[in-house]
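Peer 1: Each chain, written out:
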Amino acid sequence: RKEVEQDPGPFNVPEGATVAFNCTYSNSASQSFFWYRQDCRKEPKLLMSVYSSGNEDGRFTAQLNRASQYISLLIRDSKLSDSATYLCVVNPWSNTPLVFGKGTRLSVIA
Amino acid sequence: DAMVIQNPRYQVTQFGKPVTLSCSQTLNHNVMYWYQQKSSQAPKLLFHYYDKDFNNEADTPDNFQSRRPNTSFCFLDIRSPGLGDAAMYLCATSRGLAGGSQETQYFGPGTRLLVL
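Residue numbers (my numbering), protein chains in the order written: chain A, 5 to 114; chain B, 10 to 125.
Pulled out of the complex, with its shape left as it was, chain B reads as follows (with noise of 0.2 Å):
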């Protein structure tokens, strides 16, 4: 009864080769997030998406981007994998509640990516 679902657990792609991680959900929550975490850091949001909404923070490189082709799914695509990428990348959701402060986010296990 996996709520966030994350493939693979781990990638290893080679510099400069476009790799795409998954992320899916069972719990039907209208908001998705991207983060990035490299070790003893905190994670670092890259976006998120509320609904079809995409929301890009404003320091996240060009290099990575997102789809989601509907509410159950969201990718994370980076198209020039740099070995400053390499990290764990973490899928989380939220229910999105209009006015809803004490929203609780469910993480996805994390898909550790290592660049060659």
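Chain A extracted, bound-state conformation (with noise of 0.2 Å):
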């Protein structure tokens, strides 16, 4: 099993429609976890970091599940300039590197 899995996609949606991307980790003692996104060409950039309580941020909400090891991001009323690749992001154990995800392809179509 990959360390962290992803749908690979991609998610063709229109303008205004709601997304969810779900991600699975294999270690169940991973420490923290985060959403990058990265457009095309573009380096990846943090998006939001994904606490045990479930956090928000304007129209993107993260959920942790532990118990079931998955991480899941929503996209609420979804915009052109959310086009992007979503990658899913698992910190193993403090001060060691970040598992990286394959990403998701979002494209919100006009």
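Derived from the structure by calculation, the hints contain no laboratory data. All residues carry an ideal CB built from backbone N, CA and C; glycine is no exception. Certain hints may be false.
Far from chain A, some chain B residues (derived; all Cβ distances over 12 Å) [claimed, not checked]:
1. P17
2. Q23
3. G25
4. N72
5. R76
6. S81
7. G91
Here are the simulated DSSO-like pairs of lysine-lysine, each with C-alpha atoms no more than 27 Å apart in a straight line [stated by the list, open to error]:
8. K53/B - K49/A
9. K47/B - K46/A
10. K46/A - K53/B
11. K47/B - K49/A
12. K106/A - K47/B
13. K106/A - K53/B
14. K49/A - K61/B
15. K26/B - K46/A
Listing some non-contacts, in silico: residues in chain A with all C-beta distances to chain B over 10 Å [what the hints assert, rightly or not]:
16. V23
17. N26
18. S32
19. G58
If you follow the hints, you should be able to join the two separate chains into one complex; please do so.
Peer 2: So this is what it looks like as structure tokens:
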């Protein structure tokens, strides 16, 4: 089983739609979790950290389910500018390198 | 106010000709990372420095070497590039706090390497 798995997509959704991505991780001792966004030919940028209690930042909601070892990202009211690849990222332990999923590609269509 | 700088943004080299990619940071972070990313794939960690301590990933080819002469700079040396080494090379940094589990990594814009 891969360390971090994501559905590669692509997800093609109309503007205004709600879209959800899931990600599973194999290491049950993993410490922390993130969603990064990567635009085409650009570097990954932190979108949000994922906390145990779940967290929201505007149209974006992240949730963590430790029992099932999955993380989700919900985007409400999709904008054209949300089109990107969303990388699920896990930190297995303190001060160890992050483990990246392959990413889920989102295309928001007018 | 760039924080992680990579030069050049695009690098063309010839098969077998050594090439060096550079990364610098203004964040004074302890940890610096080099990743290789190919199209539609996750960034693949090559190695990282925790301060001066070098950590090589087990599957990083010997063809890839790194140097960190000081806190601010880190270099990726590819001794004999092959066609399969064409990729985006990303440098990243993190603070490296003791017991820091919510460490954010900051990426540079990457250097896209083309091997002819």
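Peer 1: Which of the stated hints cannot be reconciled with the structure, identified by number in ascending sequence?
Peer 2: none
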